[in-house]
Structures are given as structure tokens and as C-alpha cells.
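On the provided structure of chain A, position chain B as indicated by the hints.
Those sequence lines, one after another, are chains A and B.
All residue numbers for the first sequence refer to this note's numbering, where the first residue is 1 and numbers rise by one.
All residue numbers for the second sequence refer to this note's numbering, where the first residue is 1 and numbers rise by one.
For the record, the hints were derived by calculation from the structure and aren't laboratory data.
As the structure is a prediction and not an experimental result, all values here were calculated from the model.
Here a beta-carbon is modelled for each residue, glycine too, at the ideal position from N, C-alpha and C.
Heads up, a few of these hints could be off.
Per label pair, the in silico range of CB-to-CB distance [unchecked claim]:
{"hint": "1", "chain 1": "B", "residue 1": "Val73", "chain 2": "A", "residue 2": "Glu391", "range": "55 to 65 Å"}
{"hint": "2", "chain 1": "B", "residue 1": "Arg328", "chain 2": "A", "residue 2": "His185", "range": "37 to 47 Å"}
{"hint": "3", "chain 1": "A", "residue 1": "Arg381", "chain 2": "B", "residue 2": "Gly20", "range": "37 to 47 Å"}
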Amino acid sequence: MTSVRTRRAWRAGFVLVSAVVLVAAANDGSVPLSLELPDNPTAGAHVFVEKNCVRCHALGGDETRVGPDLGRMHFRGTVLDLAGAFWNHAPVMREKMQDLKIVPPRLDAREMADLMAFLTAYRYYLTEVGEPGTPSAGRVVFETRGCARCHPTNGDSTWEKPGPRLDRYRGNFSGILLAQVMWNHSPEMATVMHGSGVPWPRLNGRQMGDLLAYLQAGNAGTGRDRVYFEPGSPRRGREQFANKGCIRCHAIAGVGGKAAPDLGRRPRDLVGSVSSIAALMWNHSQAMTMEFARRGVPRVTFSGREMADIIAYLYFVNYANVRAVPAHGGRLFVDKCSPCHSLGGGRRVGPDLQEAPQRGDPLAIIAAMWNHAAGMDQELRRHGLAWPRLEPGDAADLTAFLLNRRSAASTAHAAATGSVQPGGVR
Amino acid sequence: MSDNLTRRDFLLYGGATIAGVTLGELGRRTLAAADARAAAWPSRGVETWATTVCRECAGGCGVRVRLMDGVPVKLEGNPLCPVARGKLCAKGQAAIESYYDPDRLVGPARRTARSGQPAWTRLTSTEAIALAAERLRQAIATPAGIVVLAADERGPLADAWTRFWRAANARLAWTPMPTAARLGPRLEVLTGAQGDPVFDLERATYVLSFGAPIVEDWLSGVWTQRSFGRFRRGSGHARGRLVQIDSRRSATARKADEWLAATVEQQVILAYGVASVLLRENRVDRAKLEPLAGNFDAFERQVTTYYTPDNVASATGVPVVTILRLARELASASRPLVAVNADAPAALADAVFTLDALVGAFDRPGGVFAKTGDPVLDRADAVEALRDVAAGRLRPKVLVFGDSSPLRALDAPADASAIAANCDFVISLSPYLDESAAIADFLLPVDVAIESWQAMLPATAVAADLVAVTRPAVPRRLETQDRAALLQSLGTAIGGSVEAACDWRSSEDVVGAELKRLARAARGTPYATTYETNWVRQLESGGWWASPADSEQEFVDRVLTVGGWIDPWFDPNQLTEALHAHGGLAFPIPESPPAVRDVAASPATSEEVALAADVVPAPVEPPRFPLKLFAFTPATVNPAGNLNQPALFELLGQPEGKPWRLWVELNPETAAQQDIANGAAVRITSAHASIDAVAVHVTGLPPETAALSFVPGGPTDGRWARLVGPDVRQLWGEDPASRPCAVRIARS
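Looking at chain A on its own, in the form it has when it is part of the complex:
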């Protein structure tokens, strides 16, 4: 009986490893890493305070702190690139924390995930930190891009122009609302504009932000008049992306339709501000409308919350879309980790990483690396070794390698015990 189980486990392990190897071979050795999109990217704000990050780092504030203002940084890479940057600054941070008598914070995988998502999302939510829109520039956009030809402004009579007054949007301060309204009414607008011979206005993110600032300007109301949107959920946005049929045309990292651009391959455009994503959607809304008409499917419209979720998903689409090269990770391990750690070779200076508990997903590995950074720094200094720095992509490769090895080891373990453990590599 035992021998049958063992054979089955060995067979399963062989198939799994072969699949990983085949996938790796088919993609120049790269494999996708399994990372979950954040559901609530603002949850990390609490971690930021709780773990005392706030004692050294400002976030877009005007206070001067010991550490850099993280609100001034724009994290465009994947979550693991950010984790790599996080790792690289550990020794400096440790010194500063010693000066300030702060106990280095320990993070578990969930806290690490929340913190990474929060730091990534920071710029997304706080457009004012990046490039706040200016009403005067927005007025120029409003007039030169043809909005003023249809929408009455303060001095105009409503019957002179076909569009509604935009005063109603005063007090609605979210760029999401503007994106939603513009998207939903773009077919009617297109009809009127076509009839009037007005060209379809193309906007960039900056112009969209200015337009929003212009529409908000002159609102003498207080906070009570303001309408806010709850921060979008990338996870819900992914569902919307599928439910609304976006995925039929747009692929994400190769998964989905081919009629429209793969949104997983356009990182720069999608990691700007809400305004820049809204501008992108606006610019291609006409092409999409035509495509809908060609396919005979009804045009997609969004509620405010749906729009918030979709835009959050598009912002985060590259965040969790991580490909890694385990082989390169192996070389990194040999170069940077093997002087102290082994994989299945027993304890050296540090523990055997194959036996370290709860390292089943990439962020758990990153959290564990972070937590042992203080001890490791001391050991490295004692042995006269330099702090191993991780370049962009290195953290992903190293994580993929460790997960692969653990997967192989667990397969072997399963073969011995008859159980199968989930791995972190898709």
C-alpha cells in the first residue's frame, strides 16, 4: 500500500516538476509567480503607523524626517521589485533605527503584502502629491479641446449649447466621477460632435487632471458638500474586467482576447494617476465603441464604484503580474545566500532554507528575509561580507528559485508521506 502511494506521489511530483521545467523552457526560463491582487490597498496605512515606519518616513507631507519621503517616490515596478528595494535599504535603516532607539519592526506575510500595496498605491490615490491639476490650465483645456462648444459656462445660456451645464459636478471632487461620466456619455457626445464637426478631443493625464481642477474650481462649499468614492479594489476590478467583457478584447499578460492591446504589457501608461488612466480610457473610447458596434455587443457602462474598481485593477495589473527566472534565482542564491544558508544541506551560519517553516508564498519569503535582516547584518559584518543587494527582478527570481526548490522538496516529502503541498509558482 505504502509503495503504491509513494509511487503515485513520485509520479505527481515528476509531472509537476516537468511542467515547471517545460513552462520555463517555453518562456526563456521564466515562470509566472502566483501573487494575489490586493483587495484594499489602503489597509497598509495602518501597518505603516503600527510598525513605526511613520517615525522615519513622511508620506507626501511637508515634515522633514530621517528617512526619505516615500510619497515623493513612484513605485512603478512589481511588488517584488519593491520588496527588493525594501531589502536593499535594510542596513541603512537599521543603523538609523539604532540611533533613534527604535526596535526594528517584524512583519508577517499579510502585513508585508498590505505595506507593499499601500506604498504602491500611495501615488495612485494622492494625485495631489504628484501633479495637482490647475484650474486655469483646465479652463484652457475646456476651451481649446472643444468642451466649451457644447457645455455652457457661467456666462452662457443653457439653450445656446447642446451639452448640459457642468456646475452640477462642483463638489464632486473625485477624478473617478469625471472618468465615469465621460466614459458613459461618450457615444452621445460623439454623435453631437460628429454633427457639429468637432474633432474628438484627445487628452493626456495632465490635461484630465487640469480639467477636473477647473470643474471643481469656484466651488465655495465645505467638506459637507463633497462626494467621495471608496478606494477601488483591484480584486473586484479584476472581476469587473471579466464580467463587463473587457477581457474578451484585452488580454492581461497574454490571457484574454487579442483584438485590443494587452494591458499587462503597457506598464507606464497604467501606473500614473487616476487622471492618466481616465485619459487613456477616454482617448480610446471611440475605437472601443466602434468595436462594440462591429461585434454587435452592447456598449459597456460603469457605475462610479465599478469605475473605481476597474481603474484600480488597471493600476495594479502589473503589480502582481510577476514573471521570474528560477535559474537566475539559483545563481543569485549561490552568489549571495549560500555562504550562510543551504537548501537541504543543514544549518550553516544561518538556517537551512528548505526546512524554514511557512515560506510557501513570495511575500512570506520577503517578510522572512526582512525579519532576519538585523541578525544577518551583524553576521555579515562579523565575516567582512557586503550586504547582498537585489537589482530589479532579482527578488522575483530568487523567490521563484526558493519556491521551486521547496516545491521539489515537498514533492519528495509527499512521495515519502503521501501528501501534496501547494506551491507558489503557477
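Chain B in isolation, oriented as in the chain A frame:
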């Protein structure tokens, strides 16, 4: 081993080592046993903390109450409160003495002797409410039959108070508190913005203060002192410079880089004098002023014509070079701010806001912002109402005191018996044995702050919307009543529209309704750390808001636990927007050249010197009252609360070391002429009365002036308050005590 070590030495050292180790271990065990016994000893009790709101002024600072075995022992600042951030002033710290005040009223009572005599009969709550309701019912039908006076405060509980008395056809009046709200009307005259000014002291680099008690209790005491700390030594900028123009050497004047002594009237002239120099030397940003100029041309013409440095120097005694230097410093500072006391007269507030406009301080970091909101309607002045009652112009059937603040206001009539004589019936809701209780016929004491539900709007200081909300921190100690529950009981007994106006049963209901409103507002957050509050502000600036709780009940619990709610988003352009709507700045036009001029004290002009040389002076009889006396309220005195606090009396007259006494400040030269030593007992005499005080020499005080501390209270205010001294307002007689009084001072 050394050859010199003998067996005897070895045994000696070995024995000594063993004995040392053994004795050391014995000692350690003894100490450990003692520690264990101490830990097991039940002397420490159980420590708990509760949250409440300080009500010693209108600042609304969050407070944590430390309770040992349920007994309050200490008040500390609430670190989550955005006003105080864990700090608390001396008044706040001392507030626990009000809870334990041995002279607090123990329950409802009725006077059984004529007014002013301390003879009372205890009543049950039911009897008290029935009796008060009967009186009120009779008075409702009479126009102005009920007059209700209390300290001005804002918030849901204050609104409930107002609704109740309006339903009872009462004439309501409030004692204005020294908050930014008092300056709001003056800012509105200049800019059209309906709201309170917010002075961004923290980010200013240069502050020219016209009597603003910045390090004492300006606008919102703790907030201001925290801001002052950052102004002086905040990171990222150089130490801010403070110039204090004040009639006396206040604590702020001591801490300032420069103090210029000037009376309030002289301060107005000096402010326009500085404005005149700014305009003459073209040190204002005309390009910025142009679009919002309003009547700028007329103002400039008037000020530059009449408020020349020579004229201003002559009127104020401040040298011309100093006036020129002040104007140049103000203009050259990167973020100048001109500040003014909340109690300042309209003319001074107008002049100060004008200077702020000229230096471009409106809607600028380190300048002045406006916090607009619902306009506050019909805030009649309680002191005016009291004067009407005292003079017999108003004869209410029932006069209701919500607290003692109207009687304690500096300008209130000193003779309270006239007030009592012109009312049929006086009801006091004050929990203390104070001035209102002294003239009341009927006492209905309410709970003190830490026993009460709280829902109040802190005075404007933080650029945000705030509501301080807490539940009672401690159980009721005496037979006092919840204020809203008392009103509801009265409403039920009176019936009709008054009963209908009470849509609550107690303060808890009013607070609960407010919390539900906040939960549904879908903005803001329960009080949180500085960073979390900033994060919410930044999120809201981007158009986002994340709910701080999963359910309404969770939100309510969190707000009550942390002590309040804040919406940190703030529109920093409200003044600019109001100016656009208002058609620009409406500068005050000073009607005449400087009129305040004291030749005896001021340097004479060259013409006067020449004239005097030709004229043989006639012998002049020395005036009977040669000194101008000003009254000031020390920062440790709380006119709206309980005076009977020994900890605060201990702080009176500090740092000169004159606690528990009234003191009068004199120029050392003036004092020397009268042979008055520093610390000597003196008698101050005016045309109306005489009082005793202690003399304190203050270098720099104008020789013709003196400043007297005003500590309200007296024989009726409890065992400690009556030790301090008489009511200084009797020196002024019928005149308002906010103006100088002619006196003479001599050794007693």
C-alpha cells in the same frame, strides 16, 4: 599560580570568594522575595483610563482620565485629539479639582432667605423640576419673560439648549468666549468670508502680535502653544521671530524677541502706521493686491496721508525708526503673520486683518485662512443683557444662568444685587457655589464635565471639521443632573411646544443622534494619530474616502473611545473665493488722524518743544488719579468654569512669586516715586473704590500706566476662592472695565 601565593593565602582568598558568592546569592534571594511580596501586595489597585473633553475653555482638548479602582486621580491629554495631541494646560490639569470641590453644590435647593443670604433648603429632583417648570410656565406668555444666559459654545448639546429655550420664547444671550469666532465678523467686513479666521502660526516665519496671548491661552490655548513650539524650533525652517505689542509685559511679551508697550488704542495707530510705511515704501505686492483691491486706493490715500511715522510715533511713543524697522521686517519675511487677541476691539481687529491683507497672508501657508461653515445667527451678548437687567430696562420674570460666565465677564456689572432685584426669580444651573448661585433663588446644579456626555465643536484652531464626543468618564458623584435630561423633564412638565422641542431624553440621545449623523456623512475619521489623520486628508483631497468601521455601531464605539471625530480636509482658498464673490477687499478707512496721544508720556514734537521754550509754565496741581489702570485676566483664571481650584491659585502671580494674591504691575520709576518696593503691599484707589494688591515692578511698562490682575470671584466662590481678594471691577464703578481707569497707587 604565583610562587608567592601560600596555602594560607589560597585558603583565605578561596574562603572570601565563597563567602562573597554565598552572601550575594542570599542577598539576591532576599531582594527577590521582597519584590515578590511587593508585587503581591494589593496597594496598586486597578488602573483604567477613560476619555473625556476638557471644558475649562472653548478649546475642546481631549482628555484621558486615569482611574484607580474606578476613582479619578489624574487628567492627562488625549494623544489622539488633534487639538491637544496629548498635551494639557494648567487649567485642564487642575480640572479634576472641580470634581472633588468640597464646596460643589450637592443637589437642587431653594433659597429660604432674601437674595444674597446663604440660607437654602434641599429639594428632591422631582420637587425642583416641578417648581422650576411652574415658574417657567408662568413666564412663557410674557414677552422676554425668560432671559437665559450662558457661555457661548457650539455643538449638538448647545443646539439642544438653544432649541429648548427658543421654544420657551426665552431671550437667549451668550457670553462670547475668547475664540477665533469673535474675530470672524471683522474678517467678514474686510473679505466677505463668513467664518472664523485660522491663524497658521506654525508655518509663519515672523509674527507681529497685537496683544495676542500666544504662549498663554490665545484662541485655543494648547493648540496655540504647540504651534508656537513649532514656530520657534520646528524642523525644516529657521527659528521664527515674534514681536509682541502689548499693554503689559505678559508671558508672551516675556518670550517674544521684542516687546513694545502700547495701549489698545495705540496699537490701532501703530498698525496703521506700519501699513502706511508698507505702502509708502511700496513694500506690498501690488500685482497680487490689484485683482482683489476693492477700495484700496481710498485706503492708501487716507493711511499714507495721516498715519505718517512722525504722527504715529507721537501718538504711541514708539520711535519712528522702530516703526520703519517693523514694517521692513514684516515685508521682508518669507511668511509674515499679523496676529490679534480675540478680545480686541473692532478697530484693532480691522487694522490687523488689513495688515495681513497687505503682506499677502490670506490663504497662504503661515498666514490666515478662513474656515467657513453654517453662519451662527443671533448671538446676543450676555453682558449687554445683564446691563439691561441691572439698569431695569429688562425685567424678566425668570432669569436663567447656564453658568457664571456672564457675571464674570470683565465688563459685567459688579453689583449683582441690582440684577437680582430686577428679576422675579433667578435659576442657576451652575454646579458650583459661584456668583450665579449667590444671586439665584433656585439651584439646579448639573453634572461637571467628566461626569457628562459631551458633544461640542472645539474652538476654531485646527484647519479641519471637528466634533469632540465622549461618554461620561466617571459616575455622578452628587445629586446633580444631566443637562439635557433636566431640560427634557422641564419640557415635559411645561408641555406644549416646549415639550415638543425636546426630541431627546438625555444627553446620551443627543450625542447618539450626532454620532449617527457623522457615521452617515461618509467623510472624516474618528480621532487618530497625526499620520493617519494626514493620510485621510490626503485621500479626501484625491476624492477618496475609506470607511473607518465596518458598521455604524463600530463607528460609534470608536468615536466615543477615542474622544471625537475629525474631517481633516480643508479648502485653503476660502478667503480668495469669498473675495472674488465679495468684489475685493473692503478696507476700513480710518476716519481721522491719530487721536490718542498722551503728551505727558510721549516724546514731544519739535514744534511743541519750541513753543514750550517761549511759554512760562503755570503751576499745575498734580492729578488725583495720575495712573491709567488696565485690568487683565491671567491665563490660569477660567471665567467660564469653577474658580475654587487651589492648584490654579498657586500659579497666580508667577513667575514673580506672588501666588494667591491680586497684583498690580508698575514701572519701577513710577514705583520709586511713590516709594513702593517690589512686592510691597499697595492700595489702589479710584473715584469709586479702593482695593489692596501686591506691587510688581515691570521694566518697560509705560510710566503712566499700571496693570491689575482680574481674578473674578470672592466670598461666594468657595473656601479657596474667597482667600484671593476682592472684585477689582469695583474700581471702575459703572464704567466698562475693558477701558483704562484713573487711579492712584500708594503703599498700604
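Hints versus structure:
Separated by about 59 Å at the C-beta atoms, Val73 of chain B and Glu391 of chain A satisfy the suggested range of 55 to 65 Å. Distance hint check: the CB atoms of Arg328 of chain B and His185 of chain A are about 57 Å apart, inconsistent with the given range 37 to 47 Å. A beta carbon spacing of about 38 Å between Arg381 of chain A and Gly20 of chain B agrees with the range 37 to 47 Å that was offered as a hint.
When each numbered hint is compared with the structure, a violation occurs for hint 2 only.
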